[in-house]
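Protein sequences, first through last, are from chains A and B.
Here the first sequence stands for residues 1 to 122, where the numbers follow the numbering used here.
Here the second sequence stands for residues 1 to 462, where the numbers follow the numbering used here.
It should be emphasised that the hints constitute simulated quantities derived from the structure, not laboratory data.
Treat the hints with care, since some could be wrong.
Lysine-lysine pairs mimicking DSS-like chemistry, simulated, CA-CA at most 30 Å apart [to be verified]: (1) Lys143(B) / Lys73(A); (2) Lys75(A) / Lys119(A); (3) Lys145(B) / Lys58(B); (4) Lys99(A) / Lys417(B); (5) Lys263(B) / Lys289(B); (6) Lys99(A) / Lys357(B); (7) Lys276(B) / Lys27(A); (8) Lys321(B) / Lys239(B); (9) Lys32(B) / Lys143(B); (10) Lys357(B) / Lys436(B); (11) Lys110(B) / Lys119(A); (12) Lys76(B) / Lys162(B); (13) Lys75(A) / Lys22(A); (14) Lys117(A) / Lys239(B); (15) Lys22(A) / Lys258(B); (16) Lys73(A) / Lys357(B); (17) Lys76(B) / Lys27(A); (18) Lys75(A) / Lys162(B); (19) Lys263(B) / Lys22(A); (20) Lys143(B) / Lys20(B); (21) Lys22(A) / Lys50(A); (22) Lys117(A) / Lys357(B); (23) Lys27(A) / Lys143(B); (24) Lys121(A) / Lys143(B); (25) Lys263(B) / Lys117(A); (26) Lys321(B) / Lys447(B); (27) Lys417(B) / Lys22(A); (28) Lys75(A) / Lys357(B); (29) Lys447(B) / Lys436(B); (30) Lys82(B) / Lys110(B); (31) Lys145(B) / Lys117(B); (32) Lys239(B) / Lys99(A); (33) Lys356(B) / Lys117(A); (34) Lys356(B) / Lys395(B); (35) Lys289(B) / Lys356(B).
Some chain A residues flagged as far from chain B (calculated, every beta-carbon gap over 10 Å) [said to hold, decoys possible]: (36) Gln18; (37) Arg19; (38) Glu23; (39) Ile24; (40) Asp39.
Since this is a predicted model, take the numbers as computed values, not measurements.
Glycine included, C-beta positions come from ideal geometry on N, C-alpha and C.
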Amino acid sequence: MNILVVDDERDIQALFEQRFRKEIREKNHEFAFAFSGEDALAYLSQNHNKTELILSDINMPGMTGLELLKQIKQKYINPPPVVMMITAYGDAENFNTAKQLGADDFITKPVDFTYLKEKLKI
Amino acid sequence: MSVSVVPLVVSLALTTRIRKYVKVNGPANWEKPFYYAIFFSVFLFLSEAILQNSDIVKWIWHIYLIALLTFSWKQKELQALKGLMLAFLPFVIISFLNDLTEGIAPGFFKSYEEYFKSATLLSFIWMVAILYSQNRQLKAAEKEKIIRQQEDELNRAIAIRKVELEALVTERTAELTKQKEELENALQELQSTQSQLIQSEKMASLGELTAGIAHEIQNPLNFVNNFSEVSSELIDEMKDELAAGNWQLAAEIANDVKQNLEKISHHGKRADAIVKGMLQHSRKNNGIKEPTNINALADEFFRLAYHGLRAKDKSFNATMKTDFDEGIGNVDVIAQDIGRVILNLITNAFYAVTEKKNSISKDYTGPSYEPTVTVITSKTLTPAGKISQVMISVKDNGNGIPQAALDKIFQPFFTTKPSGRGTGLGLSLSYEIVTKAHGGELRVDNKEGEGAEFTIILPVKN
């Protein structure tokens, strides 16, 4: 599966690459990383056909995750990529807004990778 | 006959007086006999007129009058009237002696008739004079009695009124006491509500920061948790590689683990710094003025406000500028309170510039808007060159305060923020802290559409 991870924290790349090292080695998943909403849109304009899942943080400088979500859902209708938002625990406001904007799923920070992997299998 | 008019008048005068006196002072059963005595006098007078036999009636008159006087004189109950009786006594006796002498010794009477007449006249004058003076005394006494009665009545009325007034005063006092107690209770309730509100405002400003901070802490926590877990897995893998004799691979994994540990340490320290910032804000306020470096305080809270807002909303961005007068040094203030005021003013300023930024439409083509918040410190000097005042200004280039709201911004519960976003207590509490606790001034300079500048002016004691 081709996954785009969007987060302004640079260490997120090292974390995902280590957490999914087996899957990457066995070529089950392929990861791309964007460190801002703008980066993510630039990447998608080139690669939206192969990107199947987008994992995005919400609080980011510049374009927020919610704005990114809105734009993705407007631009890429066919085929629509699955967008999973990473929200802070208990942040009902962002959760509801993201849901309204069409987010497909949610995971909370700190990310539980076992749980995330279970989700990816389905 | 002409002589008999006098006994009639005398007897009537005496009996009516006595009757009057008895009527008022008692004994009550004496009233009637004296009443009959009046009739008896009139009867005597009439019978004398009809019978034409004045000699017998004359003697009856004498006996009657003497008996009446003697009887009255002896009565204890009539002692107060002895003065009255004395008025009649000489006349009654002399007129009796007059007639007696005339009857027994007409010759003697004839030769001394002038003396007898004079004596009778004198005693008559005496009687009239005494009666007249007694009458006057009596009238004066009666008048005095009436005045005394009126006075008594007045006093009684006053006494009644006094009792009424006292009751009224008691009632009013009770009412006032009750009202006073009610007011005291109300005041106490208000005071406790006020302190609760102040506490909740403190919690609200703390809450604003904690919300952001809690949000922010999720990121380092995410890395600490996940890098430590993944490192544990990597160690297992490294053991396997070592057992298989793949030294090269094992060394690579060891490098990864080391990098991970560095990341864990880095993010742990990041979390630590966030928590410390929060604790600083909530630390106990002892209300004591201490020498405080105003520039350092302004800088600390400027950063705290900025990072608090950034933590909550990363899209938030504003240019922070400081212009500190390095010559200010330390000023005696309650650092935590002034810090809160600065924090409040900066948070408001950031809110104002964010509002302005959000209100600019996407098709706007004019000069680009740069949200800017500036903190300025300055001082004024006495003619002797000592610092008399220190100013801390927070300036923004937001939309400014609408003229209609300007008068109300320091009032409790007034807020221009949408409901749920502000308590409306921030500026009113800031105002209290600056003016009441520090004897300073909180001034606002405002240009609608161009921004606002709040200035804390603190007096410096030399």
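So, going through the hints one by one against the coordinates:
1. Lys143(B) / Lys73(A): Status violated; Cα separation ~117 Å.
2. Lys75(A) / Lys119(A): 25 Å, holds
3. Lys145(B) / Lys58(B): 41 Å, violated
4. Lys99(A) / Lys417(B): OK: lysine 99(A) and lysine 417(B) at ~26 Å, within 30 Å.
5. Lys263(B) / Lys289(B): Judged against 30 Å, a Cα distance of about 42 Å means the pair is violated.
6. Lys99(A) / Lys357(B): Status holds; Cα separation ~26 Å.
7. Lys276(B) / Lys27(A): Status violated; Cα separation ~44 Å.
8. Lys321(B) / Lys239(B): 54 Å, violated
9. Lys32(B) / Lys143(B): 27 Å, holds
10. Lys357(B) / Lys436(B): 35 Å, violated
11. Lys110(B) / Lys119(A): 170 Å, violated
12. Lys76(B) / Lys162(B): 43 Å, violated
13. Lys75(A) / Lys22(A): Answer violated: lysine 75(A) to lysine 22(A) is near 33 Å, above 30 Å.
14. Lys117(A) / Lys239(B): Within the cut-off at roughly 25 Å; holds.
15. Lys22(A) / Lys258(B): Distance of about 20 Å is within 30 Å: holds.
16. Lys73(A) / Lys357(B): Cα-Cα ~25 Å, so holds.
17. Lys76(B) / Lys27(A): 150 Å, violated
18. Lys75(A) / Lys162(B): Given pair lysine 75(A), lysine 162(B) is violated - Cα atoms ~95 Å apart, limit 30 Å.
19. Lys263(B) / Lys22(A): With a Cα-Cα distance of about 21 Å, the restraint between lysine 263(B) and lysine 22(A) holds, given a limit of 30 Å.
20. Lys143(B) / Lys20(B): 17 Å, holds
21. Lys22(A) / Lys50(A): 21 Å, holds
22. Lys117(A) / Lys357(B): At roughly 40 Å apart (the allowed maximum being 30 Å), lysine 357(B) and lysine 117(A) break the hint.
23. Lys27(A) / Lys143(B): 136 Å, violated
24. Lys121(A) / Lys143(B): At roughly 127 Å apart (the allowed maximum being 30 Å), lysine 143(B) and lysine 121(A) break the hint.
25. Lys263(B) / Lys117(A): 23 Å, holds
26. Lys321(B) / Lys447(B): 20 Å, holds
27. Lys417(B) / Lys22(A): 51 Å, violated
28. Lys75(A) / Lys357(B): 26 Å, holds
29. Lys447(B) / Lys436(B): Distance of about 27 Å is within 30 Å: holds.
30. Lys82(B) / Lys110(B): 34 Å, violated
31. Lys145(B) / Lys117(B): 41 Å, violated
32. Lys239(B) / Lys99(A): 45 Å, violated
33. Lys356(B) / Lys117(A): 43 Å, violated
34. Lys356(B) / Lys395(B): OK: lysine 356(B) and lysine 395(B) at ~14 Å, within 30 Å.
35. Lys289(B) / Lys356(B): Violated, at roughly 37 Å.
36. Gln18: Since the minimum Cβ distance to chain B is about 5 Å, glutamine 18(A) lies within 10 Å and the statement is violated.
37. Arg19: 6 Å, violated
38. Glu23: With a cut-off of 10 Å, glutamate 23(A) remains clear of chain B, as the shortest Cβ separation is near 13 Å.
39. Ile24: It holds; isoleucine 24(A) is separated from chain B by about 13 Å at its closest Cβ, greater than 10 Å.
40. Asp39: 15 Å, holds
Violated hints, listed in ascending order, are 1, 3, 5, 7, 8, 10, 11, 12, 13, 17, 18, 22, 23, 24, 27, 30, 31, 32, 33, 35, 36 and 37; each of the other numbered hints is respected by the structure.
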